Amino acid sequence: MPLKSPLRFVLVTAVLAAVLVLGAVFSLALGSARIPVPDVVRALTGQAGTGPFTTIVLDVRLPRVLLAAVVGAGLAVVGTVLQALVRNPLADPYLLGISSGASTGAVVVVVLGVSAVSMPFGAFVGSMVALLVVYSMARRGGSMTTGRLVLAGVAVQYVLSALTSLLLVTSSDTQHLRAILFWTLGGLGQARWHSLTVPALVLLVGLVLLLALARPLDLLLVGEEGATVLGLDTAKFRAAVFVLASLVTAVLVTVSGSIGFVGLMVPHAARMAVGASHRALLPVAALGGAAFLVLADLAARTVAAPEEIPVGVLTALTGGPFFLWLLRRGRRTEGMAE
Amino acid sequence: MTVTTGTQRQPEPGPGPGPGQHTEAEGRTANRAAGLRALKVSYGVGERARHLLVDGVDLEAAPGETIGVVGPNGSGKTTLLRCVYGTLSPTSGQLLLDGRDMTGMSTKERARSVAAVPQDAGGGFGLTVQQAVAMGRSPHKRFWEGDTARDAAYVREALERTGATELAERRVDELSGGERQRVLVARALVQEPALLVLDEPTNHLDVRYQWELLALVDGLAATSVLALHDLNLAAYFCDRIYVLDAGRVVKGGPPAEVLTEEMLAEVYGVRAEVSVHPATGAPTVVYLPPTAAVRAKSVRAESARAESSQAGPSQAGPSQAGPSQAVHR
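Chains as they are written, first to last, in the numbering used here: chain H, 1 to 338; chain X, 1001 to 1329.
The following block holds chain H by itself, in its conformation from the complex (with noise of 0.2 Å):
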């Protein structure tokens, strides 16, 4: 690495802001309705008294985007973190069976017509009901196992994806069918500013907690014997952190679906930006997950509009080969070398 890695954060820190700041910016100007940059700034600053271009940016546009980023923020987040946590760089916030969780939670609830409660409520308990099945098979026996934990959430989401599909099958009405793919395949459409607060403070809130925690995080990286002999308690702490991730993970479910490969391949590139110390490893994931999500949400609205794509759709298309790029531009990529 040529540059010295505190310069090297400080360089990538902001690209990333900046990139975010402008997708922001091009997310309000773009859509259905083409809005004058100046005219964005207007509407941002309250200069812009109350037109129709400024209910579009403040109530429709500017939650949407908020929503990406502290979306696609916390996925990655997430995603940095649970690679950690298990070692292996295939981990990503759905390793647990929470996003099959949501998705049945929510199927249930519209196909049993429950109206006393909300959709996004069914998913939240249906993705704790999962995480709670997938903790307590894999604590069996006094303490968590990795490799059981994962077992368990693959398990889990085979068993909950079946239940789906069963539950859409025997269902006539077309109506469900279009909600359940949002929590299949992700989408940002729903954001309100009222749906905002719960996720926007849960990712602060993990953000602050994780980077305070960036020490031992770092002391997994070198193995379960390494970090006990370097003074901790692996099975606590691992314990700890997953609940912290998964319900982190289920709040963003609950108001997006399953956004895929977000919090699979931000980390990677992280990781390979500024390298794998979680100090600098966490905001960067951070940044470059928000980033990423605002600027993907910005090409499902217009690339075929006026129809829309789920954005899950669009980051698994552009994400994927990216993903692949990285593998082989990579001379050694990071931690797939074991």
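Hints were generated in silico from the structure; no laboratory data involved.
Some hints here could point you the wrong way.
Interface residues of chain X toward chain H, partial, derived using beta-carbon atoms under 7 Å [as the list claims (entries may be wrong)]:
1. Tyr1085
2. Thr1087
3. Thr1107
4. Lys1108
5. Ala1111
6. Ala1116
7. Pro1118
8. Gly1124
9. Phe1125
10. Gly1126
11. Leu1127
12. Gln1131
13. Ser1138
14. Pro1139
15. Phe1143
16. Trp1144
25 Å max Cα-Cα, derived DMTMM-like pairs, lysine to aspartate or glutamate [what the hints assert, rightly or not]:
17. X:Lys1108 / X:Asp1120
18. X:Lys1141 / H:Glu225
19. X:Lys1108 / H:Asp233
20. X:Lys1141 / H:Asp233
21. X:Lys1040 / X:Glu1200
DEER-style ranges, computed between Cβ atoms [as the list claims (entries may be wrong)]:
22. H:Val198 / X:Phe1143: 22 to 30 Å
23. X:Lys1141 / H:Pro321: 38 to 46 Å
24. H:Val243 / X:Asp1206: 42 to 50 Å
These numbers were taken from a predicted model, which means no experiment stands behind them.
For glycine and all other residues, C-beta sits at the position ideal for the given N, C-alpha and C.
Add chain X to chain H, keeping to what the hints say.
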């Protein structure tokens, strides 16, 4: 000398350290050594932990001593060491560090006094050598504390002492086995241990680094306990040697008492000559090609059907006779 550093939790200042305090801390920790006592330590696995990998081991290391643990494959060396450095807890028996029961210590408290170089330490998942070695400061830090300039100095010094300075910016995943081994030792040094436990530290190392590494360990103030395959290295560097066989200590004492031709035949099933080397003054083992007698003996030892497979009854005498007969050619 009373050493209480291990339990002391000094209020670490944040980013701006008080230099006077630190110098004092350094002076105190630089030459501390803790005594280790193992009392009837056992570790069992399987149903009700009945299959004992370590079976009632008594072991003592006085402060500053270098203690060798030797024995054939599967004799329980690694399991015993894991009990000492805390990734396993003994199913019975006691481990005392300066008289304090180690099972009562928290993981972190133990790590402030006991450093280890485990046998298979895995990679670094993208960490650089510099970062991986700096992890050794962790037991002395709160979770959220960053590394100071002083920590960087510790790391630099440790890398220098293990001959790993030029590796600092490399990624741990990219290192060879021997390089990785030296990085692990550097990490252990940075930990400032009073007791250093090393499991086969000379694995993967070429001859020069084997000797340099053990000389480094031997020269430390800290007490060290090492599992070693190479009996000649053990003979030269260790104050005392314990021989493990099937989880039990079958012999323990100064190298000259422990490393005998009889022991080698008995425990390892090999024919060897042991003599004091004039240049080193340490017992030196020269292995000899096996004879029929020794071969028959090791076969007998491994299979339980001893009576049925005695090929040459005149040659395969009682257990002690084999090697001494074989020696005079």
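Would you pick out the hints that fail for this structure and give their numbers low to high? Failing hints: none at all.
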